[in-house]
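**Student:** For reference, the chains in residue letters:
2 protein chains.
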Amino acid sequence: MKGIVVKEGNNRNEMELTDMPKPEIGAGDVLVKVDHAAVNRTDILNREGKSGYAVNPILGVEAAGTIADANGHQSFAEGDRVMGLVNGGGYAEYVAMPADRAMKIPSSLSFAEAAAIPEVFLTAYQTLYWIGKLQQHETVLIHAGASGVGTAAIQLAKQLSEAKVIVTAGSERKLTFCRELGADVPINYKEQAFDEEVLKATDNEGVDLILDFIGADYWDKNMKSIKKGGRWVLIGVLGGAELENVNLMSLMSNYIQLTGTLLTPRTDAYKAELSSEFARTVIPYMDKGSVRPIIDTIFPGRKANQAHQHMENNQNIGKILLSMNE
Amino acid sequence: MKGIVVKEGNNRNEMELTDMPKPEIGAGDVLVKVDHAAVNRTDILNREGKSGYAVNPILGVEAAGTIADANGHQSFAEGDRVMGLVNGGGYAEYVAMPADRAMKIPSSLSFAEAAAIPEVFLTAYQTLYWIGKLQQHETVLIHAGASGVGTAAIQLAKQLSEAKVIVTAGSERKLTFCRELGADVPINYKEQAFDEEVLKATDNEGVDLILDFIGADYWDKNMKSIKKGGRWVLIGVLGGAELENVNLMSLMSNYIQLTGTLLTPRTDAYKAELSSEFARTVIPYMDKGSVRPIIDTIFPGRKANQAHQHMENNQNIGKILLSMNE
Numbered sequence: 001m002k003g004i005v006v007k008e009g010n011n012r013n014e015m016e017l018t019d020m021p022k023p024e025i026g027a028g029d030v031l032v033k034v035d036h037a038a039v040n041r042t043d044i045l046n047r048e049g050k051s052g053y054a055v056n057p058i059l060g061v062e063a064a065g066t067i068a069d070a071n072g073h074q075s076f077a078e079g080d081r082v083m084g085l086v087n088g089g090g091y092a093e094y095v096a097m098p099a100d101r102a103m104k105i106p107s108s109l110s111f112a113e114a115a116a117i118p119e120v121f122l123t124a125y126q127t128l129y130w131i132g133k134l135q136q137h138e139t140v141l142i143h144a145g146a147s148g149v150g151t152a153a154i155q156l157a158k159q160l161s162e163a164k165v166i167v168t169a170g171s172e173r174k175l176t177f178c179r180e181l182g183a184d185v186p187i188n189y190k191e192q193a194f195d196e197e198v199l200k201a202t203d204n205e206g207v208d209l210i211l212d213f214i215g216a217d218y219w220d221k222n223m224k225s226i227k228k229g230g231r232w233v234l235i236g237v238l239g240g241a242e243l244e245n246v247n248l249m250s251l252m253s254n255y256i257q258l259t260g261t262l263l264t265p266r267t268d269a270y271k272a273e274l275s276s277e278f279a280r281t282v283i284p285y286m287d288k289g290s291v292r293p294i295i296d297t298i299f300p301g302r303k304a305n306q307a308h309q310h311m312e313n314n315q316n317i318g319k320i321l322l323s324m325n326e
Numbered sequence: 001m002k003g004i005v006v007k008e009g010n011n012r013n014e015m016e017l018t019d020m021p022k023p024e025i026g027a028g029d030v031l032v033k034v035d036h037a038a039v040n041r042t043d044i045l046n047r048e049g050k051s052g053y054a055v056n057p058i059l060g061v062e063a064a065g066t067i068a069d070a071n072g073h074q075s076f077a078e079g080d081r082v083m084g085l086v087n088g089g090g091y092a093e094y095v096a097m098p099a100d101r102a103m104k105i106p107s108s109l110s111f112a113e114a115a116a117i118p119e120v121f122l123t124a125y126q127t128l129y130w131i132g133k134l135q136q137h138e139t140v141l142i143h144a145g146a147s148g149v150g151t152a153a154i155q156l157a158k159q160l161s162e163a164k165v166i167v168t169a170g171s172e173r174k175l176t177f178c179r180e181l182g183a184d185v186p187i188n189y190k191e192q193a194f195d196e197e198v199l200k201a202t203d204n205e206g207v208d209l210i211l212d213f214i215g216a217d218y219w220d221k222n223m224k225s226i227k228k229g230g231r232w233v234l235i236g237v238l239g240g241a242e243l244e245n246v247n248l249m250s251l252m253s254n255y256i257q258l259t260g261t262l263l264t265p266r267t268d269a270y271k272a273e274l275s276s277e278f279a280r281t282v283i284p285y286m287d288k289g290s291v292r293p294i295i296d297t298i299f300p301g302r303k304a305n306q307a308h309q310h311m312e313n314n315q316n317i318g319k320i321l322l323s324m325n326e
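Just so you know, the protein sequences line up as chains U and V, in that order.
Just so you know, full-length UniProt numbering puts 322 at position 322 of the first sequence, and the rest follows in order with no gaps.
Just so you know, full-length UniProt numbering puts 272 at position 272 of the second sequence, and the rest follows in order with no gaps.
Don't read these hints as lab results, they were simulated from the structure.
In this text, all values refer to a predicted model and were calculated from it rather than measured experimentally.
Be aware that one or more of the hints could be misleading.
Because identical chains cannot be distinguished in the list, a pair is counted as satisfied if it fits within a single copy or across any two copies.
Calculated lysine to any residue pairs in the SDA-like style (CA-CA distance at most 25 Å, straight line) [stated by the list, open to error]:
1. 190 with 26
2. 228 with 247
3. 221 with 326
4. 164 with 240
5. 228 with 41
6. 164 with 245
7. 221 with 262
8. 221 with 265
9. 164 with 182
10. 227 with 189
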């Protein structure tokens, strides 16, 4: 079968579609014929050899397709349409997917739409609910609102929790899109001091919850934007990981809960439980269309380099996909 | 009546016992004739004019004594023995205590013992359970194990949760005492690298929970001592508040939950709920003697300066009290 791997050599910066053995499946897996895979920042880190936890030479941490071998798992039959997180290997014709995190695709969604769901929606769900404990009608600040996780989080916070959603993004085009998804307060971080706008929008109280993909660059402004006793979930360091001169008293006197998290390196059991709760809780909203996967661009698998480049250019709204069915 | 206030003048470094008006009580308060008050680090900050939230010229945030005026509150009668947090004014003959945080003193405890309970045991309970979510048989690292909060936290973690308790302190005398209270692994931080000892004691896994009174000086070692997904509660910065360099990736890749907290500036409602849950949950253990208040020294009220000095010398094991009934 064909799979996308990083080219040999020191300069790990290009991938190629090449012949690879069909994946072996373990007792816990089903074999999925991939229709679409999706691109994630963790794939870029793996391509560059920087993540440290890639175990599969084929890139890709999520896919959607059909069951080619149910491998004795009674909940699935050959031909069932499924989507889910995989332990690498998503950019391929076939992938081994742990059965306990394969989610059936509602009939209203295409394979491409389904491939746009697992990583970003599970991350948004995990950070908003498992870690961030978002409550009904609370206020949440979502940075990178037009990103994959951002567009998922806006919808979940509005539809599941009727939250007040404040987003930041770097262009009017992105902010307009966020507003269409339900965001209440769009802030252009290039033109406005987001902490001042957040305080204006919250009667100077600040937000209950921050989803922070940025890290160092936004630290001080996030500290000013959060309510006393607020929760702050750190899920990315696009704006740097190195912080200088932190005053711990500001965490104490504001009773801040700061939690760091990542999804990809979590255990199989964690991903299975998250997928199963998500399928029960959120997929019904997707089936009726009130929450929807957001696709930016679909590239053919052989243009994976271009797809990565597109993500690195940071112009996408929602997910970048690879079509593996050609 | 007599009350202890800071002397006038620029150099706020001395207190005196002086004539003050008897406190006015609001609708929510009872009036307590104070038998013993206790000294806290927040009193030292107030004495130095550094806390920013003192509202009462008389120092002291907790007291034990008898109800002098129940002020219509049906749960109390004149002469009832009570202990609790107050909004300043504890170092006095009489103090106004919000009725909904006054806790009845079990008959097995003296006033002095009772005065040693509220602040440190409520803080230990709040940080271990409300914030730290300590579960049965988990492992907890308690810094400053011989301090007021430390001695309370060791006992609660052992008696309520059968936790494995690792403590740090700076002398063998303190560590022996911690062991007598139930601590499993005593570490002399002056002689041993505590992170290495913690890893030895936990099969290299680290602890589930850290109670951190130290802040900056222990940051790196705490990061090495905590389990993946562990909780870290920051309740003091005795080792400095200013961190020069923080790498946010270590919070993310270890899924750390870091929560800052303080008790004294919390709302009345928060303190009432905490006191009420504590009275239901912990006081039965005190009544039967398996959890006990730890008293270091009792000073007469007129020697409050000496009592503060004793706390600043950092040689105490457990609480420093002021006797106000002389």
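**Student:** Each hint: holds or not?
**Tutor:** Hints, verified against the model:
Within a single copy, residue 190 and residue 26 get their C-alpha atoms no closer than 49 Å, and across copies no closer than 51 Å, so neither meets the 25 Å cut-off. With identical chains, the CA atoms of residue 228 and residue 247 are at most 25 Å apart both within one copy (16 Å) and between copies (24 Å). With identical chains, the CA atoms of residue 221 and residue 326 are never at most 25 Å apart, being 47 Å at best within one copy and 53 Å at best between copies. Within a single copy, residue 164 and residue 240 get their C-alpha atoms no closer than 28 Å, and across copies no closer than 37 Å, so neither meets the 25 Å cut-off.
Taking the shortest Cα distances, residue 228 and residue 41 sit within 25 Å of each other only across copies (22 Å), while inside one copy they are farther apart (32 Å). Proximity of residue 164 to residue 245 under the C-alpha cut-off of 25 Å is found in neither arrangement, the shortest distances being 31 Å within a copy and 34 Å between copies. Proximity of residue 221 and residue 262 under a CA criterion of 25 Å is satisfied in both settings, with 22 Å inside one chain copy and 22 Å between copies. With identical chains, the CA atoms of residue 221 and residue 265 are at most 25 Å apart between copies only, with a shortest distance of 23 Å across copies and 29 Å within one.
Taking CA atoms no more than 25 Å apart as the test, residue 164 paired with residue 182 passes inside one copy only; the shortest distance there is 9 Å, against 47 Å between copies. Taking identical chains as interchangeable, the C-alpha atoms of residue 227 and residue 189 lie at most 25 Å apart only when both belong to the same chain, with a minimum of 20 Å there against 36 Å between chains.
Violated hints, in rising order: 1, 3, 4 and 6; the structure is consistent with all others.
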